[in-house]
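With chain A's structure known, arrange chain B on it following the hints.
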Amino acid sequence: MSAINLIFRRDGQTPGRKRRIQWTPYLFLVVPLAIYFVWIVGPTFYTFYLSLTDWDGISQMRFIGLANYERLFQDRDFHMSFANNVRWLVVFITVPTTIGLGLALIFNTDIRGAQWFKISFYAPLILSFVVIGMIWAWIYEPRNGLINSLLYGIGVERPPGWLADRQLALYAIIAAAVWRQVGYVMILYLAGLKNLDPSLIEAGRVDGATGWTLFRHIIFPLLGPVTVVIVVISIIDSLRAFDLVSVMTRGGPAGASNVLANFMYIEAFNNYKMGYGAAIAVMLFMLSLVIIIPYLYRTIKTEMEY
Amino acid sequence: MADTIHTQSPPATAIASTAVAPRWRKALRENLLFVFLLVLTIIWLLPLFSALLTSLRTQSDISLNGFWSIPSSITLQNFVEAWERGRVSRYLGNSFLITIPALAGTLFLSSLSAFALARFRFRGNTLLYFMFVAGTMLPFQILLLPVFRLSNTLGIYNTHWSLIMIHMAFQMGFCTFVLRNFMRTVPGDILDAARVDGCSEFRIYWQIMLPMSLPSLAALATLEFTWIFNDYLWAIILIQSDSLKPVTAGLATLQGQYTTNWPVLTAGSLIAIIPTVIVFAFLQRYFIQGLTLGSGK
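Sequence order for the protein chains is A and B. Residue 291 in this note's numbering is what sits at position 279 of the first sequence, and the numbering runs on without skipping anything. Residue 251 in this note's numbering is what sits at position 178 of the second sequence, and the numbering runs on without skipping anything.
Chain A on its own, in the form it takes in the complex (with noise of 0.2 Å):
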C-alpha cells in the first residue's frame, strides 16, 4: 500500500514548493507517451476486452462475457501448453543459470584464452531464434541430421526421432533455447563477480574458507541480486517463448511440444478465433505479472532510497 503511495507523490527531495504547473517537461515527453499510449498501453487493456468477445476478424464482434474462459480451462491444449511452459520454465531458472555461473567462475580467473573462450559460449545471443532453431532442427533431422548419423554410425539400430518424438520433442527445443541463454546468463554473473568487494573475498580467506565453502557461503550470497535478475529475466524469457516451436514443431507432434504463446497464435491468426486468443493472451499476462508485481515492488523500494 505504501508503495502505491509513494508512486503517487509528487517525485523528488523536496516537496512540492511551487505550486505552478511546469510544462516542460510535458513538451518532452507528449511525443514519446502518445506514442507509447497507442502502441503498448492502450493495446495491453483492449486485450482485456478483446477476451470478453466471439470475433473471427471480420465480421461483427460479439460479446460473450467470460465464455472464453470457460472453454479455455477446459480445453486440453490449454492444459497441455500450460504445463510445457512450466517445464521450460523449470528448465530455464536451473539448467542456464548453473552452466552460466560455473563458467563465470572459470572465467573470473586469469585462465590462458579466457577472451576466445567467452566469446565462444555468448556468440549464439547475437543468432536469431529463427536461425538458431532451423540449425538445431538440421541437427535433429531423424536420418541424417548431426545427433542420428551419428548414432547409426556407431550402431545404434533405432535412434529417437527427437522433433517427431512425443516426449522428447519440448525438450529438444529447450536445448537449443538453453544453448542461446547460457551465454547470457554468464556475462551477467561476470559482471556481477567484477563488482563484488575484493576484501569480502580475502577476508573470507584469511578465515580458512577455499574452494565450495567460500563459494557457498561468501560469494553466492554476495551475487545474490544478479540471481534475482536472472531468475526474474529467465522467467520473462520463458513465457516468451514462441520463435523456436514456431520454428521447429508448430507445437507438434499433436501439441507435445506447444507452448502457450504458440497456442495463442494459432488461435487467433490461424483459426481465426480473435476472442478466444485474446483470452489465451490475457492467462499468459496473468502469468508474467506474478514476477513483475514483487519486481516492480522491488524497484520502487530501492528507488526511493534515494
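Wrong hints could be hidden among the right ones.
[Unchecked claim] Below, simulated DSS-like cross-link-like pairs (lysine-lysine); rule was C-alpha separation at most 27 Å, straight line:
{"#": "1", "chain 1": "A", "residue 1": "K206", "chain 2": "B", "residue 2": "K99"}
{"#": "2", "chain 1": "B", "residue 1": "K99", "chain 2": "A", "residue 2": "K130"}
{"#": "3", "chain 1": "A", "residue 1": "K130", "chain 2": "A", "residue 2": "K206"}
{"#": "4", "chain 1": "A", "residue 1": "K313", "chain 2": "A", "residue 2": "K206"}
[What the hints assert, rightly or not] To list a few chain A residues with every Cβ distance to chain B over 10 Å, as calculated:
{"#": "5", "residue": "L64"}
{"#": "6", "residue": "Y81"}
{"#": "7", "residue": "D87"}
{"#": "8", "residue": "V98"}
{"#": "9", "residue": "R178"}
{"#": "10", "residue": "Q179"}
{"#": "11", "residue": "L180"}
{"#": "12", "residue": "Y183"}
{"#": "13", "residue": "F227"}
{"#": "14", "residue": "A266"}
{"#": "15", "residue": "G267"}
[Stated by the list, open to error] According to the in silico footprint, chain B covers these stretches of chain A (three or more CB under 8 Å from chain B):
{"#": "16", "region": "43-50"}
{"#": "17", "region": "305-311"}
Calculated directly from the structure, the hints in this document are not laboratory data. Just so you know, even glycine gets a beta-carbon here, dropped at the ideal spot from N, CA and C.
Frame of chain A, contents of chain B only:
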C-alpha cells in the same frame, strides 16, 4: 591501489598453498582445465560448424552419406541459390529498412522521455517511469491482436511502417529505463549552471545531455539493433507480402519452400546472421555493456 599491494605481497594463505602444492601440480591443473574448456567450446560451437559444413555440400551428398561423412565436393552453389532464388538478398534489405528507422526513432524518443523523467520533478514522474519498466516485461501476445487491428485501421498493415512503429514503441520502455537511470547520474549542477547562463531546456538536452549520454546510447543501439533485426513474431503478424518480409520471416518462408534441402537452408541462415555478426564483432564491448546495463538496477 588494493590490487597493486596484492601483487607485490601475496596474502599469507596464498604463500602457504603454493608451499603445499608444488608448482607442477598447479600447472597440470591449469592445463587440464584448459583442455576441458577447449573440448567444451568445440562442442558448444558444433551447431554453427555443422551449419557451415552443411552449407558447403550438395543435398545429394548429404542425403546419401549423412552428416558425418567426408564431403564428396565443396560448393558455394547453395549460397547463390539462397541469395537469388531464395530471395534472401531481398529479405535482408527489408530487415535494414525496418531496423534502422525503428532504432533511430526509439533512441531519439527514449532520450526525450528519459530526459524529462531524469531532470524534472512533476506529478506522475515515478508512475510514468514504472509504466516504462513494466512495459519491458509484457508478453508480446497481449499486444498482438490490438496492434494488428490498429495497423489495419491506420492503413499501415503489410507495410514496413507497421513494424517500425511497434518496434519503436515497444523498445522505448527498455531504452527509457536505461537512459533515465544514466541521466540521473549526471550532476544537476552542470545543467543548472547552463540554465543560469540562459540556456533553454531543449538546448541543455541537445547540447549537454545527449553528448554526455553517447556511451549509453551506443550500448543501447548495439543491443537494440540485434533485437529488432532478429524479431520474427511481429514480422509474421504484420507483414503478408513476401517482397516486404524481413530476413527472419523470409527464412521461415525458405523453410517452407526448400523443406528438406538443408544445404540451402543452412546457407540462407548463415547469410542472415552476417549483419548481426558484423555489429557484434566491431561493437562487442557495447553489446556486453548494454546487456549488463539493464540488469544493473
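Against the structure, the hints:
Distance hint between K206(A) and K99(B) is fulfilled; the C-alpha atoms sit about 24 Å from each other, no more than 27 Å. Simply put, K99(B) and K130(A) have alpha-carbon atoms about 23 Å apart, close enough for the 27 Å limit, and the pair holds. Simply put, K130(A) and K206(A) have alpha-carbon atoms about 15 Å apart, close enough for the 27 Å limit, and the pair holds. With a C-alpha separation of about 25 Å, the suggested pairing of K313(A) with K206(A) holds against the 27 Å cut-off.
Every CB of chain B lies more than 10 Å from the CB of L64(A), the least distance being 13 Å, so the non-interface label holds. The claim that Y81(A) is not at the interface with chain B holds, since no C-beta of that chain comes within 10 Å of its own (minimum 15 Å). At the 10 Å boundary, the C-beta of D87(A) stays outside the reach of chain B, the nearest C-beta of that chain being 16 Å off. The beta carbon of V98(A) sits about 15 Å from the closest Cβ of chain B, which is more than 10 Å, so the claim that it is off the interface holds.
Every CB of chain B lies more than 10 Å from the CB of R178(A), the least distance being 22 Å, so the non-interface label holds. Non-interface status of Q179(A) relative to chain B is upheld: no Cβ of that chain comes within 10 Å, the nearest being about 22 Å off. Even its closest Cβ contact with chain B, about 17 Å, leaves L180(A) beyond 10 Å, as expected for a residue assigned away from the interface. Separation of Y183(A) from chain B is adequate, the least Cβ-Cβ distance of about 16 Å exceeding the 10 Å criterion.
Every CB of chain B is more than 10 Å from the CB of F227(A) (nearest about 16 Å), matching its label as outside the interface. With a least beta-carbon separation of about 20 Å from chain B, A266(A) lies farther than 10 Å from that chain, consistent with its non-interface assignment. For G267(A), the shortest C-beta to C-beta distance to chain B comes to about 17 Å, beyond the 10 Å cut-off, and the non-interface label holds. Look at the region 43-50 of chain A against chain B: 6 of its residues bring a Cβ nearer than 8 Å to a Cβ of that chain, three or more, so the hint holds.
With 3 residues carrying a beta carbon less than 8 Å from a beta carbon of chain B, the region 305-311 of chain A meets the three-residue requirement, and the given coverage holds.
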